[in-house]
Structures are given as structure tokens and as C-alpha cells.
Amino acid sequence: MEPGNLFLLSGIGLFIAGTVLFSIAPGRWLNMLYGLFAAGSVLAGLYSLGLIMPSAQPSPVYVFPVSGFLELAFQGNPLSGYFSLLLSVLGAAVSVYSIGYMKGAEGPRFQGIFYGLFLLSLYAVFFSSNIVAFLVAWEAMSLLSFFLVVSDTRDEEAQAAGITYATMTHIGTAFIIAAFMAGYALTGSLDFQGIRAGLAARPEWVRSLLFVLSFIGFGMKAGIVPLHIWLPRAHPAAPSNVSALMSGVMIKAGLYGMIMMGIGVLGGNVAWWGILALVAGGVSSVMGILYALMARDIKRLLAYSSVENIGIMLLGFGASIMFYSFHLPALAGIALAACLCHAMNHAVFKGMLFMGAGSVMHAVHSKNMEEMGGLLKKMPWTGLFFLVGAVSICALPPFNGFVSEWLTFQSLVLGSQTPAAYSKVISLLGGAALALTGAFAAAAFIKAFGISFLGMPRHERAEHAKEAGFPMTAAMGALALLCLLLGVYPGLLLGLISRIPLGGLSAVSPLSFSLAPVSIAGGFSGFWPAAILSAMLLGFLIVFVLIKTAGASKKTVYADSWDCGIRALTPRMQYTATAFTKPVRVIFKSIYLPRREIRISYRQKPFFAREITYRSDITPFIESYIYRPLLSAVHWTAHKIRHLQSGSLHLYLGYIMITLITLLLIWG
Amino acid sequence: MLDLQFLIILLFSPLLQGIIKKIKAWSQGRVGAGVLQPYWDLVRLFRKDMVISKTASWVFHAAPFITFLSVLAASMMVPVISVKGTIFGMGDIIALLYTLALGRFFMVLAGLDAGTAFGGEGSSREATVAILVEPMMMLAIFSTAIAGGSTSLSKLALSVDIFHSPAHVLALAAFFVALIAETGRIPVDNPDTHLELTMIHEGMLLEYSGRYLALMEWAHYMKQMLLFTVAIDLFFSYGIAGGGHGFAALSPLYYALKLLFLAAAMAVAESSRAKLRFFQLPSLLGGAFVLSLLSIITVIMLG
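Just so you know, the protein sequences line up as chains A and B, in that order. Per the working numbering, the first sequence runs over residues 1 to 668. Per the working numbering, the second sequence runs over residues 1001 to 1303.
FYI, nobody ran anything at the bench for these hints, they're computed from the structure. Positions of the beta carbon are idealized from the N, C-alpha and C atoms, including for glycine. Do not rely on the hints blindly, as some may be mistaken.
Claimed, not checked - Facing chain B, a subset of chain A residues (Cβ under 10 Å, in silico):
#, residue
1, L387
2, V586
3, W667
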């Protein structure tokens, strides 16, 4: 047997062994079993790397017949290899993290089994090569993650979030099924390759229909606005290790579906598909980060930021299709590389941030940032890694987020080279959205880190917080290093991406890069993160030495913060998360629609107040103005239709008669 | 390949600050301090003891270095007097702006670190102003990038000479407003105040003293000169060495004259305006955003 397949099979074996052991092993050792999943992820990751490498033979097809002509077929290709590599990187880190995180957790057997199967189902999604296998894997992924979301049975919010999630994800799946069924009906093939070949000759509107169906279906899972409403509820409700996988990988399964269907199967050569994705991407990124900025719940902030980041990936995806349809394959390659690169980068830092949030929640038993503060001193490692994640996600050099965001910026600016005016304007507006997103993301993550980790503890529990255990910090540390490595040597990742062929489209082709500098052919531009970093390090040495020699005799005094002379600064006098974002809430009030409620009960009006209650909140625009009217319309219709169901037998007999007569009149 | 143009920014940025202050003083009918005053301020600060808040964490200690070094690294990417040899030949404007943003990120965090209301207030406002300024600045730059066919500053500097197209005029107007906001000047921020209600930049730095404050101030001067230089490269690069016009040897002179012009414009703009109330800023910056949007549309429609 080839070594690659050996990796895959032994990886799967480890997963299955892990899940089995979870049901029989003694309770004390359960958390150690996550080590098996970590090892399994590493093996599967090696297999995925093999899929992307150039020398790879066409990988073998694994076929499992179900009944008649229905069969589950799995086959790896470079694109699925890339996504499963992404899954393996994060899966390994999160599994190591879980060894510490799930220690003494409730329902450990259930959690472990579902966790292992969830990882397996994600692999199955990426490797499935026909409709049936894909749908089975997709549904398994959705259901398993649903059970993990609602695993805390006492948390009513989580239960409600689970229901929303299950509903939305199944609506999405319905769209995917519709797209796949149409594909099968038109071509008679269950196989993605076969459908691709069969559809090539079909008119454009047929392919467009399929594109829109699958865009909505996969967009639901990816969490694009306005289909995102389940995401900021479900992701925070799950245990943090599962949140990390959901935000880091599962939403990318939606992206993978879009790329696989949109470019791989449907050809990706119709301009308005790209425009659609660009608009969805721009709106998602801006709306996502707007709400992330307002979140007080640290995990909700991260979840909203996932909506933003999927938007950034869609900007690359949309630009890629748009360029391709204008016969600019070189530029399409850059845009697709930006999209794929950001998918990996986002998995790394968002996974790490969710793990950091999980460690913090373990320590302070709250998701509310207003009850944290000063944690950097209590949890130095978690704080450091969370900071690295925050800097990376804000796309600040020399960390990895900047590489993909720079590529996205470049592809959007290069949109000015398309022939049509509308595509120029749309892609530059996408660039504007990305710029807006950048500034908002900085504010949001300054808030997330600054309010939680800096200043004075805002709550007793934050004062007594303890650092997370070794497996948890080690997992985060590994990902933090990866953030830096991928940021300083973008060539590592771009080298992999350049080997992914997609139809006639090869990612990265005009991008010249060695290990460190990246530049776009034709001299459009380039940058060299390693040089930026080394310039800063060199500068640091010089400045440090200067300061140490010039200021050697100077004292440093540690004293209280400046308090205007009142002599007693309390934690309550600090800026809170709500206060920090107040100016933004005021300036963008037409989007946030802030609500404020002040209730005062008096002992003696109007001077002696007994109690003042202050509530401040924002109105979730999309829920209130799209989903609520939609829901009430559904309720209204249902209410009207209910009159048909009077319960009277005579009426039902009448219905039958009317139906019969109608049928006879039509076909008789 | 790494040449030393950035030393010009490193060494002369306090002088530029002194000149702006001097012109400002003149236009307000004062004599003002000497143009070398910022140097003396820095020397004085470097020689002082430091008082550091007990609440502060290592972020507070790291922020002055990171802020200073990010501006320094950004300075290496910009063509100052010659288009050749900015950081290994790659001066990308987007990379430059995001490197600057790294410094700002840590400066804003440092404002939150001491746990005082002043710091938080400064940080919150700075983050808000950044939200309003960054997209506008980026759009103005996109417009020049489309016209010049590159986001590399050297290429852009070669393509412009002196702004002539309507798109460039609009972009310059927007960029000038961005300059005012980014350098913390009236009407956005008041660099000379320590009044709680109005300060933004000073609020964040309130807990800093001694050599850390010196680093922060120096970084601020450098950022100002750096952004002026970017404006020069984007809009009137005429005479830059390596370009088609003028003698290479004269390019420092051209550069100095252009800086003086910008400094004078900034000083006059600052003296002739009153500071805007914080929540009136969106109308100014939003207006500039519309200008840069118009600039983009112009460049698409006209060329």
C-alpha cells in the first residue's frame, strides 16, 4: 500500500478507536483520549499534504455501495487536500487543547464521541466525490455539531440557539439538495466529475440556477449575511473546543462547497456570479464586524468576526470568478489564492482565539467581558496568545492575517483592469468594504483584548483567575507560532496553494514568491514581511541599547495611575466594553438602532432615588427587519390555513369530493 | 539594497514639528518657540525618571517600542528623495499603512492598560477616528493606485510628477483631511491640550513619562513626516531622484520645499479652524469619504 493511504487509513482508525474507547474507558482517563484524535488529525494531515504535492498519482477512489446504483464515493483531490489540511492543523491543536479543557467536564463520554465523529464527518465532507457521499457527510456534520451545541442541557440559551441552528442549516441543506438533484437530473450522473462534464454543454441560465441554489445553500453554512443569524448564537453556545472547530473549519466547509460547485463543477465563468459573491462578501464583512464590535460576550464577538472573515474570503472568491469570466485567468488566480490563503489563516487564528476565550471562561466562569479585566497578569500565556491572535486577525504585519488581506486588497484593486465599468466599481467598493472592515476589526479586537486582559479586574472572579493547564496553553502556543511563521514566510502557504488546479484556473500563477517576499508579476506591487520584521528587530536592538545606555542612571518608579487626586481609583471607574464602543454606536446609530431604557424608582420624588435601572441594547437590524416580518408572515398564513382544519368529518369528506371532481375535470 | 533614506525621516521629523509650530505661532500673532524645541523636548524626556502605573502590564512597556518601530519600519518603505531602494525595492502603500496600524493598535491598548478613565477615553476616541479615517484614506490611495497602475509607492511616485487629473485633485483633498486626522491636529484633535474633554492622542499617552513618552512623541513626529512624504509621493513627486525630471542632486531641495509647503498649509489650516466637537467629526470625515469615493468613480469613468 502507498504510504499516503496508510496515513489516511491509520488516521481514520485512530478516530474510530478514539470514539469506541470513549464509550468504554474508565472515567478518569477520558480526557486523555483526545490525544488519539490529535494523532489521527496529524496522520490525516500528512495524507492531505500528499494530495497537494505535485508528484501525487490520481488518488484512489473509495467506494461504498449502499443499494442499487446509490453508492458513497470518496476521492481526494488537491482542493479537498488543502481544506482537509486546514482541518488537520486546527483539529490537532484543538484536540490537544481538549485534553486540558475537557478535564472534569460534564458528559465526557457523549462529548468525546460526538467530537470525534464530528471531526470525521468534516473529513468526509472534504473527501466525498459524489452527491450521495457529500450529502450524507454534510448532514452528519450538521447534526453532530447541533448535538454539541445543545450539549449543555441546563443552558436555555444554548437550547434555543440549537433550534435556530438546526432550522437554518436544514433550510440550507434543502437548497444544496435542490442544486445537486438538478445536477443529477440534467446529467444523469451522481459523480461531481460527471456532472461537470454533463453541464458544460448546458445553457448558461441552467448553470446560473444551480450556482444560485448552491450559493444560498453553502452560504447558509458559511454564515453570509443575511443568512448568518444562527451563527452568532450557535457558535458561542457550544463548548469552546467545538466553537473553535465550528468557526475555524465548519464555515469553511461552506466555502469549500462554493468553490467546489461554483468553480469546480459549474465552471465559474459568469460575471454576475462573481458580482453576487462580491456583494455578499462586502455586506457580510461590514455587517459582521459592526456587530462584533458591539458584542459584550467574548465568544459572540468572535463568532460575529467569523461572519466578517467569511465575507473577506468571499471577496476573493467573487473577484476570482469575475476575473475568470472576463478571461483574465492570471488575476483570477491571485484572487482565488487570496481566498484560500485567508481560509487557512482564519482557521489558525480564530481557532486560537476561541481556545483563548475558552481558557478565560474556565478561569472566570463568564463570557461577559465586563466581568473580566486584568487577566494578562493572572494568565500570562493565554493573554499573550490571545494578543497574537488579535493582532493577526486585524491583519497587522508581520502576522499571517496581513498576507491574505493584502492579497485580497490587491485583487480588488486589480479589479480596475476588468473591461466593464460595473465590475470596476463593484470590486473597488469591495475594497472600500475591506478597508472599513480593517479599522472596525482593530477596534473590536482592541476591545476584546484591552477590556478582558488589561486594566484592573472588574470582578472578584477575575481577580482569582488561574492560568490554563499545559495542554491548553501548548495548543494555543503552537498556533500562535504558526501565525507568525505563515506571516513572515507567506511562501510556505502560497507554495501549497499554487499547486491546486481548478478547472482551467490555477491559483497564484502570476504571483511570484520565494519563501519570504511576495510580489505580483508585471510589477504591480509586492511586500516582504520578513524584511519588515527584521527591520523592526534590528531597530529594537538599537533603540533598546540607546535607552539603556542613555538612561542607565534613571530611576523607574511604580506608582498608582493618575487619579485626579481622589486617591482611590476603583475598577468601576475604568472604561467598560460598552463605554469603549459608545462613540461608534452614536455615529452609526442609523445601523445599530440603539435602545436605551432608564427606570428610576423614588423614595421621595425627584431627589431621593431608591433604585436606577439602566438598560442599553442595540437592535439587530436583520433579525428585526427581515426575519421577524418573515416569521410573522409564516405564522399569519399558517393561522389562515388552519381554518381548513376544522376537525369536522363532513368538511373533510367535502374536501375529498372537491379534489376528486377537480382531478376528473382536469384529466377526465 | 537597503538604503538609508529613512534616516531623513528619523532625524528631521522633530524639526518639521518645530517648523509647523513656528508657522502656527506666526499666523496666530505669537513669536513661538524655536524650531529646534522638539529636539530639546525629546532630550529632556530621555533624561527624566519614569513613573509607571502599578496596574499596567507588559503591554504598557512594549507599546512605546512597537509604536516607534512600526513607524520606523514604515519609513523604510517610502521613497523620500529617491525612488530607488526603499525597503528591498518594495514600498507597498497598503503594507505601509498596515504597519502603521500595528503601532496604533498597541498605542490604543496601552491607553487601556493603566485602568484609568482618561486612557480609556483616549483609546475609545482614537479607535473611532481610525474607523472613520482609514477607509477614506484607503479609497483615496486606491484612486491614485488605479491611475498609476500599481500600489508600489516608487511606481506611483514615478507616474505622477504633479497631480493633474480631476481624480487626483479629489483624492488629494480627501488625503489632506486624513493627514489632519492622522496627525492629531485641529479640527480633529488638539495637539496642545491636556483638557480631558477634548484630548484624544494625549489621553492615551497620559500615563507615559520619561523615555517611553519620548519614544511615543518621536514616533508621532515621524508618523507626521512620513505621511507628508507619502502625500508628496502620491501627488507631487516632481523632482524626485530617479524620476524623469530635474537633477537628482537637487531632489533634497525639492523635497524640503514641498515639505515646507505642506507644513505651512497644515499650520494655516489649523490656525483658521476651531476644534470640532467629537460627534461633529463624522460630517467632516464623512465628507472626505465622499470625496475619495468621487475620486474613484472619476478615475474609472475618465480613464
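Here's how the hints hold up against the structure:
1. L387: Nearest chain B Cβ about 8 Å off; hint holds.
2. V586: Given a least distance of 6 Å, the restraint on V586(A) holds.
3. W667: Violated - the Cβ of W667(A) stays beyond 10 Å from chain B, reaching only about 59 Å at its closest.
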